[in-house]
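Asker: So the protein sequences, as listed, match chains A and B.
For the first sequence, position 48 matches number 48 in our numbering, and the numbering has no gaps at all.
For the second sequence, position 237 matches number 237 in our numbering, and the numbering has no gaps at all.
Don't read these hints as lab results, they were simulated from the structure.
No residue lacks a Cβ here, since even glycine has one placed at the ideal position from N, Cα and C.
Please note that the accuracy of each hint is not assured.
Stated by the list, open to error - Mimicking DMTMM-like on lysine to aspartate or glutamate, the simulated pairs with C-alpha atoms at most 25 angstroms apart in a straight line are:
(1) B:K266 with A:E48
(2) B:K363 with A:E48
(3) B:K266 with B:E246
(4) B:K271 with A:E107
Unchecked claim - Over the 12 angstroms line for every Cβ pair with chain B, so calculated as not near, a few chain A residues:
(5) D63
(6) I68
(7) T111
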Amino acid sequence: MLIRRGFLFFTLLLSMVSISLQASNSAQLNKMLEIEQANKEKIATLIEEIDVIAQKKVLTTKDKPQLIKALKNVLELENIDPSRDGVAGLTDSYINNKKLYDSTLTEFKPTEQKVLKELLQMVEDKEKEGDG
Amino acid sequence: MLKNISLLLFLASFYGPRVSGDVKQLCNTLQNSKVINGICVYEVKYSQADCNRNNFTFQSGKCYGTATTHSSLNVSAFTSNTNILSRPMNLRSSPQFHGQGNIVSQVPAGTAFNVLSRKKLPSGAEALQIEILSPASKTKLNAENPLYLWHTDNTTLPKRSDTEASTTCSGDACKSITNDTFGNVRNLLQSAEEVNAFVDTTKEITTVAPAPVEAEEETETSTTTSDTSEPNSKKFSQMTKAEKTEALKRYSESANVQNVTDFSIKHYSGKKSVRKCYLGVKNALSLENRNLKSRRLLSKENKPALTSGWYSSRSAYMAATDLVKPPHNFINLLKDPDYKDTMKNKRNWPKGAVLVYRGGRTKHGHVEIKLDDNPTGGSFGSDFVTKTPSIDKRGYTLIGVMVRPDL
Numbered sequence: 001m002l003i004r005r006g007f008l009f010f011t012l013l014l015s016m017v018s019i020s021l022q023a024s025n026s027a028q029l030n031k032m033l034e035i036e037q038a039n040k041e042k043i044a045t046l047i048e049e050i051d052v053i054a055q056k057k058v059l060t061t062k063d064k065p066q067l068i069k070a071l072k073n074v075l076e077l078e079n080i081d082p083s084r085d086g087v088a089g090l091t092d093s094y095i096n097n098k099k100l101y102d103s104t105l106t107e108f109k110p111t112e113q114k115v116l117k118e119l120l121q122m123v124e125d126k127e128k129e130g131d132g
Numbered sequence: 001m002l003k004n005i006s007l008l009l010f011l012a013s014f015y016g017p018r019v020s021g022d023v024k025q026l027c028n029t030l031q032n033s034k035v036i037n038g039i040c041v042y043e044v045k046y047s048q049a050d051c052n053r054n055n056f057t058f059q060s061g062k063c064y065g066t067a068t069t070h071s072s073l074n075v076s077a078f079t080s081n082t083n084i085l086s087r088p089m090n091l092r093s094s095p096q097f098h099g100q101g102n103i104v105s106q107v108p109a110g111t112a113f114n115v116l117s118r119k120k121l122p123s124g125a126e127a128l129q130i131e132i133l134s135p136a137s138k139t140k141l142n143a144e145n146p147l148y149l150w151h152t153d154n155t156t157l158p159k160r161s162d163t164e165a166s167t168t169c170s171g172d173a174c175k176s177i178t179n180d181t182f183g184n185v186r187n188l189l190q191s192a193e194e195v196n197a198f199v200d201t202t203k204e205i206t207t208v209a210p211a212p213v214e215a216e217e218e219t220e221t222s223t224t225t226s227d228t229s230e231p232n233s234k235k236f237s238q239m240t241k242a243e244k245t246e247a248l249k250r251y252s253e254s255a256n257v258q259n260v261t262d263f264s265i266k267h268y269s270g271k272k273s274v275r276k277c278y279l280g281v282k283n284a285l286s287l288e289n290r291n292l293k294s295r296r297l298l299s300k301e302n303k304p305a306l307t308s309g310w311y312s313s314r315s316a317y318m319a320a321t322d323l324v325k326p327p328h329n330f331i332n333l334l335k336d337p338d339y340k341d342t343m344k345n346k347r348n349w350p351k352g353a354v355l356v357y358r359g360g361r362t363k364h365g366h367v368e369i370k371l372d373d374n375p376t377g378g379s380f381g382s383d384f385v386t387k388t389p390s391i392d393k394r395g396y397t398l399i400g401v402m403v404r405p406d407l
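Based on the sequences and whatever the hints tell you, model everything.
Answerer: Written out as structure tokens, the structure is:
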């Protein structure tokens with residue numbers, strides 16, 4: 001009798017954990033999607049601004065202010081756009097103009113530098129290994 | 001330049017004294033090659049663009065690769081087994097040499113590889129299971145073991161081509177390095193900077209006109225069977241519109257689609273893209289949770305899925321052709337006369353549809369799964385979950401709305 005009750009209690013506990021995990025997943029998803037939806041137009045604008053730099057094959061020091069703007073947009077997009085399409089657009093630009101990017105990064109806070117370096121490294125790596 | 005020379009001196013001092021004898025033997029087996037500072041520099045027949053793309057070095061109108069031996073390896077395991085490719089070839093995940101479904105990557109001319117096993121094909125040709133030794137950029141593919149190349153032997157099949165693309169091996173092409181008594185050509189020092197430093201001293205290497213790189217095309221079809229039929233596509237096209245609508249409804253409401261969408265939400269909601277959308281989609285379709293970096297299988301859900309197993313492929317846009325092939329048997333609604341117009345509108349996409357795009361922010365395109373039945377919005381899963389399908393983004397062209405009407 002005790003074993004049976006114990007088993008029932010255990011099953012009930014498992015179900016509750018599972019339901020709570022599902023609810024947590026669902027809540028997390030909804031939160032993310034709401035943020036993205038609310039910022040849809042903003043995302044498009046930020047990406048368009050990034051594309052100004054992305055479309056230039058060779059960057060010079062004159063482009064630095066625009067590059068700073070583009071990288072600020074990348075940081076902003078990181079909080080609202082899970083697709084990371086903004087930074088993906090900078091792949092070729094980063095590969096072709098690494099020196100300018102590196103010198104521009106020094107103008108950001110260390111925490112921002114770290115995020116940007118990771119993102120740029122990711123898109124560079126994924127240019128070879130990524131699938132989409 | 002100073003940096004290049006420093007790097008060269010460092011590498012030469014590291015490899016040269018220990019392996020120079022082995023390198024000489026290795027280099028003797030390669031045409032148009034020369035040992036410089038303990039490293040074998042050899043010429044690869046590539047155009048400038050292909051040379052750069054494959055991480056070789058182009059200098060003075062010629063393309064160069066570098067090779068050295070590695071002293072720390074088990075010598076006997078590699079004896080007489082190292083080969084160099086003369087032209088680019090498809091590398092496949094299974095010994096099937098038809099279509100593109102199992103193509104893992106292309107390997108360039110000059111690729112060095114070890115043959116791990118050989119399998120005789122019905123045509124008389126062989127499937128070689130290989131391990132890549134160079135170029136360094138391709139050795140990462142070894143993680144996707146097994147890897148296969150198609151090969152025939154001119155001596156036993158004199159009228160056949162000896163490569164997958166029907167071109168004959170010539171010169172140093174596909175030649176086994178039998179004189180390499182110490183074994184292997186591992187650790188090829190690949191980077192352009194390294195070779196730049198050598199090239200100035202390699203003027204005496206015989207000039208060979210760079211050969212244009214041709215697109216690879218499988219022609220080994222005469223005796224092996226190829227099942228490229230698309231049974232679901234044929235059946236679906238013969239249905240009435242009402243039957244088609246019913247089939248799509250069944251698909252969307254099936255347990256398979258529910259399991260796949262649940263998987264995608266469970267694993268990718270709240271995540272940000274790591275530019276591995278196709279891997280995320282393949283994971284969801286097969287209910288196999290593979291690490292997005294290493295592709296190692298972490299877990300598998302034992303429920304009905306939409307594909308019978310995980311499969312290897314390359315760019316996301318290839319899903320439009322990968323999924324219609326057996327055993328997946330999806331159909332592309334954009335190719336059905338009753339749906340080709342309506343499916344360009346996202347409101348008409350059924351739940352569970354796999355949406356395939358060309359273009360966009362990378363050369364790979366994009367692929368995503370519609371996760372719910374919400375006609376006005378909904379969410380879409382790949383290696384992240386989003387409310388914005390790529391059709392709403394600039395630069396993406398929808399090329400596939402893939403479903404399985406047989407469920």
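Asker: Each of the hints needs a verdict: does it hold here or not?
Answerer: Okay, the hints, checked on the actual structure:
1. B:K266 with A:E48: The hint is violated at about 32 angstroms.
2. B:K363 with A:E48: Judged against 25 angstroms, a Cα distance of about 19 angstroms means the pair holds.
3. B:K266 with B:E246: Given that 25 angstroms is the threshold and the Cα spacing comes to 29 angstroms, the pair is violated.
4. B:K271 with A:E107: Not OK: K271 (chain B) and E107 (chain A) at ~28 angstroms, beyond 25 angstroms, violated.
5. D63: holds, 20 angstroms
6. I68: Since the minimum Cβ distance to chain B is about 21 angstroms, I68 (chain A) lies beyond 12 angstroms and the statement holds.
7. T111: holds, 17 angstroms
This entry does not satisfy hints 1, 3 and 4, going by the numbered hints stated previously.
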